[in-house]
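**Q** Bring the two chains, given one by one in their own frames, into a single complex with the hints.
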Amino acid sequence: NAGVMQNPRHLVRRRGQEARLRCSPMKGHSHVYWYRQLPEEGLKFMVYLQKENIIDESGMPKERFSAEFPKEGPSILRIQQVVRGDSAAYFCASSPVRAGGYEQYFGPGTRLTVT
Amino acid sequence: DQQVKQNSPSLSVQEGRISILNCDYTNSMFDYFLWYKKYPAEGPTFLISISSIKDKNEDGRFTVFLNKSAKHLSLHIVPSQPGDSAVYFCAASGGNQGGSEKLVFGKGMKLTVNP
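In order, the protein sequences belong to chains X and A.
Note that this note's numbering numbers the first sequence so that position 115 is 115, with each residue one more than the last.
Note that this note's numbering numbers the second sequence so that position 28 is 28, with each residue one more than the last.
Because the hints were derived from the structure by calculation, they are not lab data.
One should not assume that every hint holds.
To be verified - Taking lysine to any residue and the SDA-like style, the derived pairs with C-alpha atoms no more than 25 Å apart in a straight line are: (1) X/Lys62 to A/Lys68; (2) A/Lys5 to X/Ala88; (3) A/Lys68 to X/Glu103; (4) X/Lys62 to A/Gly94.
The following block holds chain A by itself, in its conformation from the complex (with noise of 0.2 Å):
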């Protein structure tokens, strides 16, 4: 049962263009959502979180926006560099039973920022 999904396994756009990630949840007791880059061979690195209560969070160049009704988020890249080109993850958190914070991730889309 796959509680957060991403569609696109991989997605290329050009170097100074957007690049929009997208997200589907199914859990509506997800209330923190995240963003995690990962280099091959390297541990997944913290990019940005966004809670429930709120519908955008912004920092630099990534901006992460929630559709809470249609339990969607996406992450957009603008302007997209080389340096962009990595495994993303979308990561989900809340209504655990316990006081958990386990996070659950989808399956990752691989951006590649051509020069």
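In isolation and in its complexed conformation, chain X is listed as follows (with noise of 0.2 Å):
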């Protein structure tokens, strides 16, 4: 039973690019959150998708990011025009129906570099 899986690991971007991140969720998880570390620094949350469905985005900068978790594919998060403030590790975690706990099971992360 394959985890989460996150790709690419590793992504190096210029200034202005864009970075698209990618996450798999566990099988029969219909739950995926995305989480942002700086260096030094716990998990920050940033948005809570189910399937074509935003739930939450109380963590997600006002502008440049957005998230998509479509019917069919991964869960994407985009950053447009990358600045070097964005250069962190992205961790993307799913949890399966809500049955009480909330445990949530984190893929390995991409980890951004913007120069």
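**A** This is the structure in structure tokens:
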């Protein structure tokens, strides 16, 4: 049973380019979360999605960032016109249909470097 | 505003002894607490969780204690093993609007277990 998959694992972008990060949840999981970790910091929530719906985007920067989880295919976190401050590790997590617990299972992360 | 705090950045213990990792929170609406372990360049791995209706949960060498009145939880690892050396994150969830299950993380604590 494959875990949460993220690709690419490492991504280098120049300032002003676009970054696309992909996440495939665990089999049977319909909830996807994106978190960002800056150096020496904990993980910060960005967005929570279910298939074709954004449930909570309270942690997303107001500009340049967007996320989707289409009916078919992986969830995508898109960062337009990247700046150096976007350099971070981006983690995706998934959980099954809500059943009382809130365990989220994380992927290996995508490390974005903006040069 | 740091709602989940891990005030000690690091801890060093001898193999075989007990490791105690502490976590404090400020939001009284949190009702579910989790501990994650993270190795460098990997995603967080779920360890153990506890609901606010309990004060203790045990899984093998790992025990989590919750003191709701003090808004404090701790993770006990006994006996500690060198493979436990990692960064440990405390996380909390609950009280979110719209049913969001986002996790709020502490900054992490680096545990080193010496052979």
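**Q** Each hint: holds or not?
**A** Quick rundown of the hints versus the structure:
1. X/Lys62 to A/Lys68: Given pair X/Lys62, A/Lys68 is violated - Cα atoms ~35 Å apart, limit 25 Å.
2. A/Lys5 to X/Ala88: 21 Å, holds
3. A/Lys68 to X/Glu103: Roughly 20 Å separates the two Cα atoms, so the pair holds.
4. X/Lys62 to A/Gly94: 24 Å, holds
Checked against the numbered hints given earlier, this structure breaks only hint 1.
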